[in-house]
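In the order they appear, the protein sequences are chains A and B.
Under my numbering, think of the first position of the first sequence as 3, with each following residue one higher.
Under my numbering, think of the first position of the second sequence as 214, with each following residue one higher.
What the hints contain is simulated information worked out from the structure, not anything from laboratory work.
Cβ coordinates follow ideal geometry from the N, Cα and C atoms, glycine included.
Worth double-checking, as some hints may not be accurate.
[To be verified] In silico BS3-like pairs for lysine-lysine, Cα to Cα no more than 25 Å straight-line:
1. Lys383/B - Lys319/B
2. Lys117/A - Lys454/B
3. Lys63/A - Lys5/A
4. Lys137/A - Lys632/B
5. Lys280/B - Lys344/B
6. Lys366/B - Lys117/A
7. Lys344/B - Lys407/B
8. Lys70/A - Lys27/A
9. Lys366/B - Lys356/B
10. Lys304/B - Lys280/B
11. Lys319/B - Lys279/B
12. Lys342/B - Lys319/B
13. Lys280/B - Lys366/B
14. Lys556/B - Lys628/B
15. Lys137/A - Lys628/B
16. Lys632/B - Lys651/B
17. Lys429/B - Lys117/A
18. Lys137/A - Lys279/B
[What the hints assert, rightly or not] Pairwise CB distance ranges, derived in the manner of DEER restraints:
19. Ala420/B - Val128/A: 50 to 58 Å
20. Gly31/A - Lys556/B: 47 to 55 Å
21. Tyr424/B - Gly110/A: 46 to 54 Å
22. Gly110/A - Thr562/B: 21 to 29 Å
[As the list claims (entries may be wrong)] Some, not all, of what chain A presents toward chain B, calculated at C-beta under 10 Å:
23. Ser51
24. Gly110
25. Ser131
26. Ala135
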Amino acid sequence: MLKKLMCVVLIMLSAAACSGTRHGKVEPGTQSDLEANVGDYVLFSFDSSSLDSEANETLSKQVDWLKKYSFVNVIIEGRCDERGTREYNLALGERRANSAKQFLISSGINASRIKTISYGKERPIVMGSDEYAWKENRRSSTVVD
Amino acid sequence: MNIIGLIKSHNFFWDQQMIKVFSKFIVLIFVSASAFALTHIDITRGNIEPVPIAITDFHESSNQAKKLSENIIKVVTQDLQNSGLFRIINKKAYIENIIGADSVPKFSAWRQINAASLINGSVDISYGKLKVSFRMWDPFSEKQVGGAVFEVKTDAWRRVAHKISDEIYKRLTGEDGYFDSKVVYVAVSGPANKRIKRLAVMDQDGANHHYLSDGKHLVLTPRFSPDARHFMYLSYEDPRKPRVRVMDLDTHRTHSIGSFPGMSFAPRYTSDGRNALLSAAVNGISNIYFLDLQTLKQTQLTSCNSICTSPSPSPDNSKIAFNSDMGGGRHIYVMNADGSGIKRISFGTGHYTSPVWSLRGDLIAFTKSIPGRGFYIGLMKPDGSGERIIARGWIVEGPTWSPNGRVIMFEKGEKPRGKDSSHTKLYAIDITGYNERKIDTPLEATDASWSPLLN
Chain A
3 MLKKLMCVVL
13 IMLSAAACSG
23 TRHGKVEPGT
33 QSDLEANVGD
43 YVLFSFDSSS
53 LDSEANETLS
63 KQVDWLKKYS
73 FVNVIIEGRC
83 DERGTREYNL
93 ALGERRANSA
103 KQFLISSGIN
113 ASRIKTISYG
123 KERPIVMGSD
133 EYAWKENRRS
143 STVVD
Chain B
214 MNIIGLIKSH
224 NFFWDQQMIK
234 VFSKFIVLIF
244 VSASAFALTH
254 IDITRGNIEP
264 VPIAITDFHE
274 SSNQAKKLSE
284 NIIKVVTQDL
294 QNSGLFRIIN
304 KKAYIENIIG
314 ADSVPKFSAW
324 RQINAASLIN
334 GSVDISYGKL
344 KVSFRMWDPF
354 SEKQVGGAVF
364 EVKTDAWRRV
374 AHKISDEIYK
384 RLTGEDGYFD
394 SKVVYVAVSG
404 PANKRIKRLA
414 VMDQDGANHH
424 YLSDGKHLVL
434 TPRFSPDARH
444 FMYLSYEDPR
454 KPRVRVMDLD
464 THRTHSIGSF
474 PGMSFAPRYT
484 SDGRNALLSA
494 AVNGISNIYF
504 LDLQTLKQTQ
514 LTSCNSICTS
524 PSPSPDNSKI
534 AFNSDMGGGR
544 HIYVMNADGS
554 GIKRISFGTG
564 HYTSPVWSLR
574 GDLIAFTKSI
584 PGRGFYIGLM
594 KPDGSGERII
604 ARGWIVEGPT
614 WSPNGRVIMF
624 EKGEKPRGKD
634 SSHTKLYAID
644 ITGYNERKID
654 TPLEATDASW
664 SPLLN
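Hey, can you work out the whole structure from these sequences and the hints?
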């Protein structure tokens, strides 16, 4: 009886440890796949739309993924942290979305597969008014269309 | 609502001597191009003493007129006291209780309670029409100094009250008032991770509040037309392409304007209401465009390679203030209306954004932020000189000018606790930096746009 219980516990633990379980069964070429296995977003420094090395790395992986799943189109959403005014942040979000888009295009992804949209400081991904939230909200998110 | 006519009482006259009497009380408060310069008062030393004035009960012809009369006086009292410049003397202190627009006051009784001005009037309702007459008196020179007669539909009584406030304000300060005006803004509700934003309109005192959209899609930055019958705003109705739309305030119908390949945003009307300035993004670069609202012909005015946005025209439409990162950092620039002659005008430490040119042409309001220190609302002259801060907060932004260019409304949010929202509300403040007060709105409020005086 104890042995059976331990087996069940072991199975549950190993299942939980497996990435993608959080999202249920991860279908290849889907948003879940992108988030779990590739990285769906890149972060920016304050007031900047330049890609750093980490962003370049993530976007390179996105390029490979998009080349593999050539039927997938995406929208890149550009965002800012709350420490700016509404209109300026809309423009900055647009720059960030476009930075990511240009990387993908220059790496061989067809421009027609990529749309962009800016949310400025609206619809933040991470709630809160601290350095962590601000850092996380300065991003371009690639979203399967 | 129709204001049928504003007929000056034929007994009214304006005595040039009066302005000198009142100058001891209040005229020195205002920054003014006239003889009464602000520099005569050191406003850093303390608050300005509000000028005491008396408003007697109006003579009413019926019970219905009595109620309306009380309401009108209540609105006038609130307008004048909210301006921070006036104090309505408590009725209990009145020695004489004159009533009726045709009565001449016993001036000594009003001098005795130090009333700088006395207002009396009459309200009459017949056949669904409202007639309001009022007179303004100077108890010290014992002369009538203002007054008017209004004949309107009964439901226009609030506008009559605001027009009375404007008349009183003008007679006592020499400046146009700002009370008969509206504010369009974005009402915000919902949890911090799922905010609902709705367009809303109200009188400048918060009355007559109406929602104009249902919150299903994101709406931002509404901006009144000069005739206050339309406003432009940014809509995410098309979830792929945020764009500028116009709403007609009579019909509540909306339509998009301009044809841009990508996002269009940051709209403002020119002062004649026939054209718009806005920003449009192409391949991540935002530039400023001029849009003829009749022909819909669009002209690109700037050739930025990064961000040029938030255009704000001067009231004579000869120049445009705008926001750009072209010099590194966020700064304010001014250019000619055709896009030539770009000059940077902000030079202090920090980020300068959202320039808004006053309807008087003398000042540009802006938002400034200093990382680690917070946000500020500031003013500067159109050449960038005379920069001063008038309000501050965790996040303040979105300054909008009162019709007379003497008051600014803006949004202010507090530092949120945890994952809470910032509880942003609208505030008004004089350009002197005094009399900051919260505007009463049902929900959180952002993105205010103040209309000119209504016709």
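Here's how the hints hold up against the structure:
With a C-alpha separation of about 24 Å, the suggested pairing of Lys383/B with Lys319/B holds against the 25 Å cut-off. A distance of roughly 10 Å separates the Cα atoms of Lys117/A and Lys454/B; the hinted pair therefore holds under the 25 Å criterion. For the hint pairing Lys63/A with Lys5/A, the CA-to-CA distance comes to about 43 Å; that exceeds 25 Å, so the pair is violated. The hinted pair formed by Lys137/A and Lys632/B meets the criterion: a straight-line CA distance of about 15 Å does not exceed 25 Å.
Taking the CA atoms of Lys280/B and Lys344/B, the gap is near 14 Å; set against the 25 Å cutoff, the hint holds. A threshold of 25 Å between alpha carbons decides the hint, and for Lys366/B with Lys117/A the separation of about 53 Å lies outside it, so the pair is violated. Distance hint between Lys344/B and Lys407/B is unfulfilled; the C-alpha atoms sit about 49 Å from each other, more than 25 Å. Taking the CA atoms of Lys70/A and Lys27/A, the gap is near 20 Å; set against the 25 Å cutoff, the hint holds.
Of the pairs offered as hints, the one joining Lys366/B and Lys356/B is violated, with about 31 Å between alpha carbons and a cut-off of 25 Å exceeded. A distance of roughly 17 Å separates the Cα atoms of Lys304/B and Lys280/B; the hinted pair therefore holds under the 25 Å criterion. Note on Lys319/B and Lys279/B: the hinted pairing holds, with a Cα-Cα distance of about 24 Å set against a maximum of 25 Å. Restraint check for Lys342/B and Lys319/B: the C-alpha separation of about 32 Å exceeds 25 Å, so the hint is violated.
Note on Lys280/B and Lys366/B: the hinted pairing holds, with a Cα-Cα distance of about 16 Å set against a maximum of 25 Å. As the CA atoms of Lys556/B and Lys628/B are separated by approximately 35 Å, the hinted pair breaks the 25 Å bound. For the hint pairing Lys137/A with Lys628/B, the CA-to-CA distance comes to about 17 Å; that is within 25 Å, so the pair holds. Restraint check: the Cα-Cα separation between Lys632/B and Lys651/B comes to about 24 Å, which is no more than 25 Å; the hinted pair holds.
Annotation: proposed proximity of Lys429/B to Lys117/A holds, straight-line Cα distance about 22 Å (limit 25 Å). For the proposed pair Lys137/A and Lys279/B, the alpha carbon gap of about 60 Å is over 25 Å, so the pair is violated. Distance hint check for Ala420/B and Val128/A: the Cβ-Cβ separation is about 39 Å, which falls outside the suggested range of 50 to 58 Å. At roughly 52 Å, the beta-carbon separation of Gly31/A and Lys556/B lies within the given 47 to 55 Å, and the hint holds.
For Tyr424/B and Gly110/A, the hinted distance range of 46 to 54 Å is satisfied, since their beta carbons lie about 48 Å from each other. Between Gly110/A and Thr562/B the Cβ separation comes to about 44 Å, which falls outside the hinted range of 21 to 29 Å. With a least beta-carbon distance of about 7 Å to chain B, the hint placing Ser51/A at the interface is held under the 10 Å criterion. Residue-level restraint check for Gly110/A is violated (minimum Cβ-Cβ distance to chain B is 18 Å; threshold 10 Å).
The criterion of a C-beta within 10 Å of any C-beta in chain B is met by Ser131/A, whose closest approach is roughly 5 Å, and the hint holds. Restraint check, Ala135/A versus chain B: the minimum CB separation of about 9 Å is within 10 Å; hint holds.
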